[in-house]
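**Q** In case you want the letters, here they are:
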Amino acid sequence: MLLISTPFVKLAQAQARILGMPQVPTVVLPHPIGGTPLDGVLAKVDAAFDEIVAKLTSPLPQASAVASEPLPEPVDHVDVDTDDEWGELQRRMLALGWGDGLPLVPPTDARVDAMVRGAGLPGDALVALVAPRMGACTVRRLASSAVMAGCRPAHMPLLVAAVRAMAERPFNLYGVQTTTHPVAPLVIVNGPLAQALGVHAGSGLFGPGPWSNGVIGRAVRLVLLHVGGGQPVDIDKATMGSPAKYGYCIAENEAASPWPSLAAERGFAADVSTVTVVGGEAPHNINDHESTRAGPLLAMITGTVAQTGQNNVYYAGEPLLLLSPEHAATIAAEGFSKDDVRRVIYEEARVPLRRFSQENIERRFWRKFPKRYRDRSLDAGVTVAQRWEDVMVVVAGGAGKHSMYVPTFGATRSVTLPVLKADGSPWRPQDGLEQG
Amino acid sequence: MRLNSPEGRPVPPGVAVVPRPASLAGLRIGLLDNTKAPVDEMLAHLATRLRERIDGVEVFHVAKQHPSLPVEPEHLAALRANADVVINALGD
Chain A
926 MLLISTPFVK LAQAQARILG MPQVPTVVLP HPIGGTPLDG VLAKVDAAFD EIVAKLTSPL
986 PQASAVASEP LPEPVDHVDV DTDDEWGELQ RRMLALGWGD GLPLVPPTDA RVDAMVRGAG
1046 LPGDALVALV APRMGACTVR RLASSAVMAG CRPAHMPLLV AAVRAMAERP FNLYGVQTTT
1106 HPVAPLVIVN GPLAQALGVH AGSGLFGPGP WSNGVIGRAV RLVLLHVGGG QPVDIDKATM
1166 GSPAKYGYCI AENEAASPWP SLAAERGFAA DVSTVTVVGG EAPHNINDHE STRAGPLLAM
1226 ITGTVAQTGQ NNVYYAGEPL LLLSPEHAAT IAAEGFSKDD VRRVIYEEAR VPLRRFSQEN
1286 IERRFWRKFP KRYRDRSLDA GVTVAQRWED VMVVVAGGAG KHSMYVPTFG ATRSVTLPVL
1346 KADGSPWRPQ DGLEQG
Chain B
1325 MRLNSPEGRP VPPGVAVVPR PASLAGLRIG LLDNTKAPVD EMLAHLATRL RERIDGVEVF
1385 HVAKQHPSLP VEPEHLAALR ANADVVINAL GD
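Chains as they are written, first to last, in the working numbering: chain A, 926 to 1361; chain B, 1325 to 1416.
None of the hints are false.
Below, in silico cross-link-like pairs of lysine-lysine (BS3-like), each with a Cα-Cα straight-line distance of 25 Å or less:
(1) A:1162 - A:969
(2) A:935 - A:1162
(3) A:1296 - B:1388
(4) A:980 - A:935
(5) B:1388 - A:969
(6) A:935 - B:1388
(7) A:1293 - B:1388
(8) B:1388 - A:1162
(9) A:969 - A:935
(10) A:980 - A:969
If you're looking for bench data, these hints aren't it; they were derived computationally from the structure.
Please put together the full structure from these sequences, using the hints given.
**A** Set out below in structure tokens:
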């Protein structure tokens, strides 16, 4: 039996259908449950008690007899009687539930065929099952979203790797797609493919700009909507949503970094290209134009990172620091390695318990981390990671004294995969790219 | 004009559904807590009511590590082994 509050009914029903158990009994309690006086919550339980017992003990209906929508059975093609690509056809595609609300490049046979060729894989090859719908993302379905997003065929190998990375269990795509938190998969590209595809790593890399960042990020989002079924409101339960959910893709500025790249840290050779997916919030700026030494600059950075209200203080997350090349150079000039930066963030970016409400201190910290915080002074600091190794450091951006902090979801681990050729070996620059 | 659908066909994992009991009397009820506030107090209250009103019922409480992660294998095994009925509270 599921006890759920009102706004989550459709998500629960959809998941029960996907799991093949639409007849699972549900009892709906009036929302909200959290953040309300306990007396009221317990009264809701009392009011629902008879229904709970009755539904647990009533005969099990056949799945076919349960009033619920059948599982979606997507067609392969949709015929539309208009050639008005940027007018009537756009309205038709919106009516089909396709897209992110922005105009879509119509996924015609010719365009999708070209995109499939770009992948170098059969159109019916399975890329991954995409949560929460557990939709089968074949190369052709991915190619359709890629066309709609404005991608080129050359983007396909990278998109295949990104979708596979999101489907890896540690990424927890089910949680990423359905949480109330404003998390979006940030795709970070490393290696020579970034330059070959025009994935921008320098000034203004989060956009806007005439680079591949926008269309790659958008194609990833369209796959999450079209294949994963992560439609906002009913399934994607993000309270606020996020501009990052329209598209969130960058490259690491390896040329301007004084340190090994993210891919190198994860064991990939310099001529292998990778995608890393990080379940993160939209980035928050860190402005420091004045500090000329590593210590004071890191103090400014840790001051921005150490904030209440982010998931990283509550859970075992991987906070992501995006250092601008100039900030990274200032820090590295005094001999700091990436690991040194990680240790500083872990040790210094702490939020004193007194900055949290008493309810959060008691419920979040005393109960979940009793050894660390129970019976501690209110001056005790809450870390933004459970281990210093979990802090991620990436160099990105162009000229200027602005770095960024990306708080992460907490119930997700970043995943890095190589971009592969059709034969399963890593793509390398001499392999070239499909044109078109 | 012919458009290619970008939608993915669901691949259900397939779950067997057991019959429901005619009565909760004497049964073991597992309460699965997603750890969102205040589900623990809510389920403790439900456990009290179940014990008060249902003869011979046994109730036990299992809490996930994180509301957005799947239930841990050891908790799932405990529910399988010790519960006739499971109530999963998805509070928010």
